[in-house]
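Number of protein chains: 2
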Amino acid sequence: MAEREYEIGSAEFQVLKALWHKGPSTVRDVMDHLHDRGRRLAYTTVQTLLTRLEQKGFVKSDKSGLAFIFKATLSRDRVRKSRVKKLVSQLYDGAAAPLVLQLIRNERFNADEIEELQKLIEDLDTDTKRSRP
Amino acid sequence: MAEREYEIGSAEFQVLKALWHKGPSTVRDVMDHLHDRGRRLAYTTVQTLLTRLEQKGFVKSDKSGLAFIFKATLSRDRVRKSRVKKLVSQLYDGAAAPLVLQLIRNERFNADEIEELQKLIEDLDTDTKRSRP
DNA sequence: GGATTCCTCCGACAACTGTAGTAGGAGACG
DNA sequence: CGTCTCCTACTACAGTTGTCGGAGGAATCC
Numbered sequence: 002m003a004e005r006e007y008e009i010g011s012a013e014f015q016v017l018k019a020l021w022h023k024g025p026s027t028v029r030d031v032m033d034h035l036h037d038r039g040r041r042l043a044y045t046t047v048q049t050l051l052t053r054l055e056q057k058g059f060v061k062s063d064k065s066g067l068a069f070i071f072k073a074t075l076s077r078d079r080v081r082k083s084r085v086k087k088l089v090s091q092l093y094d095g096a097a098a099p100l101v102l103q104l105i106r107n108e109r110f111n112a113d114e115i116e117e118l119q120k121l122i123e124d125l126d127t128d129t130k131r132s133r134p
Numbered sequence: 002m003a004e005r006e007y008e009i010g011s012a013e014f015q016v017l018k019a020l021w022h023k024g025p026s027t028v029r030d031v032m033d034h035l036h037d038r039g040r041r042l043a044y045t046t047v048q049t050l051l052t053r054l055e056q057k058g059f060v061k062s063d064k065s066g067l068a069f070i071f072k073a074t075l076s077r078d079r080v081r082k083s084r085v086k087k088l089v090s091q092l093y094d095g096a097a098a099p100l101v102l103q104l105i106r107n108e109r110f111n112a113d114e115i116e117e118l119q120k121l122i123e124d125l126d127t128d129t130k131r132s133r134p
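Same order as they appear, the protein sequences are chains U and R.
This note's numbering applies: residue 2 is where the first sequence begins, and numbers increase by one.
This note's numbering applies: residue 2 is where the second sequence begins, and numbers increase by one.
Take these hints with a grain of salt, some might be off.
Said to hold, decoys possible - Okay, derived cross-link-like pairs now, DSBU-like style, lysine-lysine, Cα gap no bigger than 35 Å in a straight line:
1) R:Lys82 / U:Lys57
2) R:Lys18 / U:Lys18
3) R:Lys87 / U:Lys86
4) R:Lys86 / U:Lys23
5) U:Lys57 / U:Lys87
6) R:Lys86 / U:Lys82
7) R:Lys87 / U:Lys57
8) R:Lys61 / U:Lys86
Derived by calculation from the structure, the hints in this document are not laboratory data.
Owing to the predicted nature of the structure, the values given are computational and were not obtained by experimental measurement.
Use the sequences and the hints to build the structure in full.
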């Protein structure tokens with residue numbers, strides 16, 4: 002009943018990201034992918050990580066062919082949202098604005114991104130004004 | 002010589018935040034602060050956490066009076082920056098813009114914040130235009 | 001059909017984390 | 001002075017995480 006408390010270790014997380022990248026994969030697929038990114042892990046290590054992720058409910062496995070196929074049940078988007086929320090609550094006292102400001106000050110954006118941002122901000126502004134005429 | 006690889010456990014992190022809040026503090030100060038926020042830990046637990054943070058170099062202690070005074074050597078700002086950077090690189094392929102967009106879409110801002118944002122965005126825009134006339 | 005190659009299952013183990021108890025010293029207090 | 005209180009030092013211990021090796025079954029290859 003209680004909301005699943007999720008904790009993903011950093012090695013486990015890399016495996017999860019591999020699944021996001023490659024889609025449903027075997028242990029070997031994941032291992033190869035990690036090797037390609039310079040992450041050298043033993044086959045059984047990857048297997049263990051996948052198994053643990055499955056125990057935690059973040060991955061499902063399914064044996065149709067020779068080897069198990071693992072698939073993420075937790076989407077990148079969900080993780081993004083929850084990580085951002087956690088970050089904001091832990092380091093910004095729950096207020097997103099300072100984080101946004103920090104990002105805008107410290108990061109570089111290209112013209113398209115800026116335009117997109119402007120549009121969004123304008124909408125925000127309009128909404129605000131409309132709700133207190 | 003190598004850059005310190007920092008990993009702070011979640012209980013340790015709460016202790017560090019207590020130090021940010023209260024400034025240099027004794028074990029007891031930190032414990033009381035945590036108790037106030039509903040985090041009930043034994044005195045010695047807090048002590049252990051502070052000691053570990055010190056071993057990792059995130060905290061300095063100094064015995065002038067009766068009890069040790071602990072002080073964070075790692076600022077909230079540094080942690081903010083490094084966490085944000087990690088978040089962006091791990092979940093947004095290194096591109097900050099999608100994160101900013103997500104934040105603007107999903108979070109609420111008040112009028113002042115919006116104004117502040119607008120100013121910043123306008124400046125960004127001007128700079129971009131100026132650099133490609 | 002035996003050797004080779006993969007895969008899964010288990011077990012292992014060290015480091016790190018969360019959490020706390022005990023021992024013993026030093027001040028404070030009646 | 002004896003007792004209470006608070007502090008530090010040390011030890012402990014279970015759970016989690018990173019990492020992997022070996023045993024044994026199935027598929028493949030010559």
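> When you check the alpha-carbon spacing of R:Lys87 and U:Lys57, does it fall within 35 Å?
Replying inline: holds (23 Å)
>> Checking one constraint from the list: CA of R:Lys18 to CA of U:Lys18, max 35 Å. Satisfied?
In response: It holds: about 30 Å lies between the C-alpha atoms, which stays within 35 Å.
>> Holds or violated: R:Lys82 and U:Lys57, Cα atoms, limit 35 Å.
In response: Roughly 30 Å between the alpha carbons, so the hint for R:Lys82 and U:Lys57 holds.
> Between U:Lys57 and U:Lys87, does the CA-CA distance stay at or below 35 Å?
Replying inline: Given pair U:Lys57, U:Lys87 holds - Cα atoms ~19 Å apart, limit 35 Å.
> CA of R:Lys86 to CA of U:Lys23, is that 35 Å or under?
Replying inline: holds (24 Å)
> Given the proposed pairing of R:Lys61 with U:Lys86, does the C-alpha separation stay at or below 35 Å?
Replying inline: holds (30 Å)
>> Against the 35 Å threshold, does the CA-CA distance of R:Lys86 and U:Lys82 hold or violate the hint?
In response: holds (16 Å)
>> Against the 35 Å threshold, does the CA-CA distance of R:Lys87 and U:Lys86 hold or violate the hint?
In response: holds (15 Å)
Hint compliance for this structure: no hint is broken.
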